[in-house]
Amino acid sequence: MAQMWITMGPQHPMTHGLWTLRVKVDGETVIDTEAELGYIHRGVEKICEARDFTQVTPYCDRLCYVSAMTWANSYIYAAEDLLEADVPERAEYIRLISAELQRLASHLMWLGAFGPDIGNLTLMTWCMRDREMFLDLLQELGGSRMHYNYPRIGGVKRDIPIGFADRMIAKVKLFEKRIEEYEMMLDESTIWLVRLQGVGYCNAEEMVEAGVSGPNVRAAGVNYDVRWAHPYSVYDEVDWEPAVEKPTSVKGADCYDRYRVRIEEMRQSCRMVLDAIEKIPGGKNTNYASGDEMIYTKAPTRAPEGATGFSNYECTRGASQFYIEGGGEGRGKKPYRLSIRSPMFITIPFVAKTMIGYKVADIPAIMGSFDPCIGETDR
Amino acid sequence: MDDKYDLRGLLFSTFEDLIPKVLEGTPLEDSSAQIAFGLATFAVVNIVFLMLFFSQFAILWIERKAVARMNDRRGATTALRSLWVGENGVTAGEWWNMLPFGLGKPIGGLNKWLNKKFGNRDEKFATVDRVNNRSWMGYSIFPGFFQNVADGMKFLVKEHMVPQRADKLIFEVAPFLIVSSTLLILGIIPLSSGMYATNPELSILYAIAIFGIAPIGVFFAGWSSNNKYTLIGGIRSAAQLTAYEIPLLLTLLSVAVLSGTFNIIESIHFQHSAGAWNLFLMPLGAGLFLLTMIAEVERVPFDMPEAEAELVEGWWTEYGGMRFGMLFMAEYIRTYAACFLFTHFFLGGWHLPFQGLISQIPLLGDAYLLIPGAIVVLVKAWLVFLLVFVWARFSLARIRTDQILEFGWRILLPLAVLQVVLAGIYRLYLFDPTAMKDTAAGGWAWDAFGVPMLVPILTTIVWLGIFVLFLNDEDKSGNTERMFHVYTEKPAGTYVPGQE
Chain A
558 MAQMWITMGP
568 QHPMTHGLWT
578 LRVKVDGETV
588 IDTEAELGYI
598 HRGVEKICEA
608 RDFTQVTPYC
618 DRLCYVSAMT
628 WANSYIYAAE
638 DLLEADVPER
648 AEYIRLISAE
658 LQRLASHLMW
668 LGAFGPDIGN
678 LTLMTWCMRD
688 REMFLDLLQE
698 LGGSRMHYNY
708 PRIGGVKRDI
718 PIGFADRMIA
728 KVKLFEKRIE
738 EYEMMLDEST
748 IWLVRLQGVG
758 YCNAEEMVEA
768 GVSGPNVRAA
778 GVNYDVRWAH
788 PYSVYDEVDW
798 EPAVEKPTSV
808 KGADCYDRYR
818 VRIEEMRQSC
828 RMVLDAIEKI
838 PGGKNTNYAS
848 GDEMIYTKAP
858 TRAPEGATGF
868 SNYECTRGAS
878 QFYIEGGGEG
888 RGKKPYRLSI
898 RSPMFITIPF
908 VAKTMIGYKV
918 ADIPAIMGSF
928 DPCIGETDR
Chain B
20 MDDKYDLRGL
30 LFSTFEDLIP
40 KVLEGTPLED
50 SSAQIAFGLA
60 TFAVVNIVFL
70 MLFFSQFAIL
80 WIERKAVARM
90 NDRRGATTAL
100 RSLWVGENGV
110 TAGEWWNMLP
120 FGLGKPIGGL
130 NKWLNKKFGN
140 RDEKFATVDR
150 VNNRSWMGYS
160 IFPGFFQNVA
170 DGMKFLVKEH
180 MVPQRADKLI
190 FEVAPFLIVS
200 STLLILGIIP
210 LSSGMYATNP
220 ELSILYAIAI
230 FGIAPIGVFF
240 AGWSSNNKYT
250 LIGGIRSAAQ
260 LTAYEIPLLL
270 TLLSVAVLSG
280 TFNIIESIHF
290 QHSAGAWNLF
300 LMPLGAGLFL
310 LTMIAEVERV
320 PFDMPEAEAE
330 LVEGWWTEYG
340 GMRFGMLFMA
350 EYIRTYAACF
360 LFTHFFLGGW
370 HLPFQGLISQ
380 IPLLGDAYLL
390 IPGAIVVLVK
400 AWLVFLLVFV
410 WARFSLARIR
420 TDQILEFGWR
430 ILLPLAVLQV
440 VLAGIYRLYL
450 FDPTAMKDTA
460 AGGWAWDAFG
470 VPMLVPILTT
480 IVWLGIFVLF
490 LNDEDKSGNT
500 ERMFHVYTEK
510 PAGTYVPGQE
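Here the protein sequences come in this chain order: A and B. Count along the first sequence from 1, add 557, and you get the number used in my numbering. Count along the second sequence from 1, add 19, and you get the number used in my numbering.
For reference, chain A alone in the conformation it holds in the complex (with noise of 0.2 Å):
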């Protein structure tokens, strides 16, 4: 058949966001591609310049807008490092719990974006229903429902409310039957596994190679997880391990292999907040008032001439990495460069040359196995 470039985006339902995927078809088949991006660059790093250290944190929470709790920490444990600012363990503690319901929402919101892509409309609604319960708890520590600008240099805006450890533990303990639910329509559907399996193959040496990270590369059998190599916060402290699929290809993992770290990733939040809502110092039905020492530390808010913030952290979709570069004179409460390190930026492009050789159906199948963000991707 005659070949033929397909332009699928900015707006295409494939794309999960505003980019544009150019594809070359032959027939049904893609014989290449061509990832263009930078639809929504906001310039998110040049208007932080200008901006105080606590006033970075909003920005952050935009940088993806499924995953805010994570980023938002992310950038505060890089603007820690640079002002040398101590965290009190109940706010770690706090933290760790925040980022993993965002991590459970997030991977919701993945699951259900997924499920159309395949033709499954009902996991589109059945994950957002489940997303609602995290939703609702991210809400009552941070008051609202998306971008929470929760965590603050040195502890956390307020401390966790009076009856949240309850339903946060009746709540997480019922998404743990609800995961055997979804497991349930996907796994044993055999149009699932046939649309999933054997697409999308991924070398785990040539992702490393291109910096892919996070649960993409965990499903080739990749077992880093910055959580567990370089722990921050208290995550060596919970109970809980990465979650590696082992590949059964030696061309790597497949959609399905990536679909399964996800699930099995959502379980593994799931342990590590029932443990850390027990090990939580300072008791899980106290409430200490906004600024009480046990969730605050007063941090400087001028960085020493010279200084670098450096931090490395597992967000939902892979390792994101904040540097920051102190001040100087008369600049010193402000960063005088600050740069994101995002895992989907690397992905996306990486994504589009794996699509070549499989057929114009897969090419949804894979894009959204790999869990595109575009507000992170071009910030």
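Rather than coming from a laboratory, the hints here were simulated on the basis of the structure. Careful: at least some of the hints might be erroneous.
What the hints assert, rightly or not - Listing some non-contacts, in silico: residues in chain B with all C-beta distances to chain A over 10 Å:
hint, residue
1, 185
2, 327
3, 329
4, 330
5, 460
What the hints assert, rightly or not - Straight-line distance between alpha carbons at most 25 Å, and here's what the computed BS3-like set of lysine-lysine pairs gives:
hint, chain 1, residue 1, chain 2, residue 2
6, B, 173, B, 124
7, B, 247, A, 916
8, A, 714, A, 891
9, A, 581, A, 730
10, B, 247, A, 581
11, A, 910, B, 247
12, B, 23, B, 456
13, A, 836, A, 730
14, A, 581, A, 916
Backbone N, C-alpha and C fix where the C-beta goes; we use that ideal spot for every residue, glycine too.
Chain A is already provided as a structure; the job is to place chain B on it using the hints.
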């Protein structure tokens, strides 16, 4: 057995009595018989068509409600009240003001009166109703039923756009080809033995021929839109429909072989007179029919031609306004017709379940037989739609193009041939034509070895056993490529590279 309620006979006899009296003494007196026939036919055709067409709203409603339950939501719940709630921003809006020449003014006046008379006087419902028109004073009548009317109104007032470099003639012709050929299917679908528009001798062949016209329209639509998505969708549709037309034809051929007729009504009579519905004589054929019909009407899991994840909306991407609405309606009419055909070919048409046994009971049997055949047919068709089409659509994913074609050619086609052979064997060797009885109780033509109804019972048990075997056939160790496997070798989270 004929249905008790013979609408057709009633109308024809009425007109044949009435018309000669009316035309007595006029120049048309000689041709009064023909005029009576024409008028009666006209009346019957219109009544049947309107019944089929408007009962179609029920399946839209069934889909909405069932899906809402499957998705743990209440679903769209625009009720009757949406037509008379006049605030801005509600679902229907003041659509009557958009009609030309002030035609909608009376509707607007009626709406105002209804609002004044039956509007919410209770403050606590006011907000809820303004948001989604759910109830009147907390009560709702058929919530969601009138959503379709509101959708249709919206389509009607939308602009019709043709892409600039499209083939304009073909672009305009394609929807009419699809919609008109689809409406023609309704012509041969009987609602009962006394309620059908027309009954050609070879109505099964006619149904198949008419079903085969729409793919041409689909291909026209995809090609003429001058859009790469519609082009791919149109070609996918052509490939899929041709691949599934053949098993469908063979399945219907096996129905015809078993019933010994190409006529829908006669095949229904055969099922009752012989004593067993075709579903129990050829479960394989019923399954094949449903599978191929889902593919023919392009619903999940066979909706590749309009796969919205990669092809936006497939071959109808460029259609807007009422043309999109008509194409959408045509798809549902085809689905509805498929449900009716399944009812007639496999579920005994207007005959009640266990009619033979229950009609023997005094009083209760008589009451049972009083249920009108048209109602039985409609309920059966709705149940088929709910239990097969809706359930499949909202629990399954979409199959890829090459997998669909492979499934069609390599699995369905041989099975359909097998079904034709089986139907021939049943008809020739297991069928007892002398035991056919066209009474309320029906005959016992499928007895074997002196056991009554042994053939359908045994057939059903055997096919159910095969079905259960195929459900549990997964070989979890043998397949290295992991196709059709449910579990990975080790659960995630237990494997650490370098530690083995």
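### Hint consistency between residue 581 of chain A and residue 730 of chain A [alpha-carbon to alpha-carbon, up to 25 Å]
47 Å, violated
### residue 460 of chain B and chain A, when compared Cβ to Cβ, separated by more than 10 Å
At about 43 Å from chain A, residue 460 of chain B clears the 10 Å cut-off, so the statement holds.
#### Entry: Distance restraint between residue 247 of chain B and residue 916 of chain A, which requires alpha-carbon spacing of 25 Å or less
Judged against 25 Å, a Cα distance of about 15 Å means the pair holds.
### Message
Between the alpha carbons of residue 23 of chain B and residue 456 of chain B, is the straight-line distance 25 Å or under?
### Response
Given pair residue 23 of chain B, residue 456 of chain B holds - Cα atoms ~17 Å apart, limit 25 Å.
### Task
Given the hint that residue 910 of chain A pairs with residue 247 of chain B, test it: the Cα-Cα distance must not exceed 25 Å.
21 Å, holds
### Query
Given the hint that residue 173 of chain B pairs with residue 124 of chain B, does the C-alpha gap stay at or below 25 Å?
18 Å, holds
#### Entry: Status of residue 329 of chain B, Cβ more than 10 Å from any chain A Cβ
Incorrect as stated: the minimum Cβ-Cβ distance to chain A is 5 Å, not above 10 Å.
### Query
When you check the alpha-carbon spacing of residue 836 of chain A and residue 730 of chain A, does it fall within 25 Å?
17 Å, holds
### Query
Under the criterion that the straight-line Cα-Cα distance not exceed 25 Å, is the pair residue 581 of chain A, residue 916 of chain A satisfied?
11 Å, holds
### Message
Checking one constraint from the list: CA of residue 247 of chain B to CA of residue 581 of chain A, max 25 Å. Satisfied?
### Response
12 Å, holds
### Exclusion check [residue 327 of chain B not at the chain A interface, CB over 10 Å]
6 Å, violated
### Hint consistency between residue 714 of chain A and residue 891 of chain A [alpha-carbon to alpha-carbon, up to 25 Å]
Status holds; Cα separation ~21 Å.
Taken one by one, the earlier hints fail for this structure at numbers 2, 3, 4, 9, listed in ascending order.
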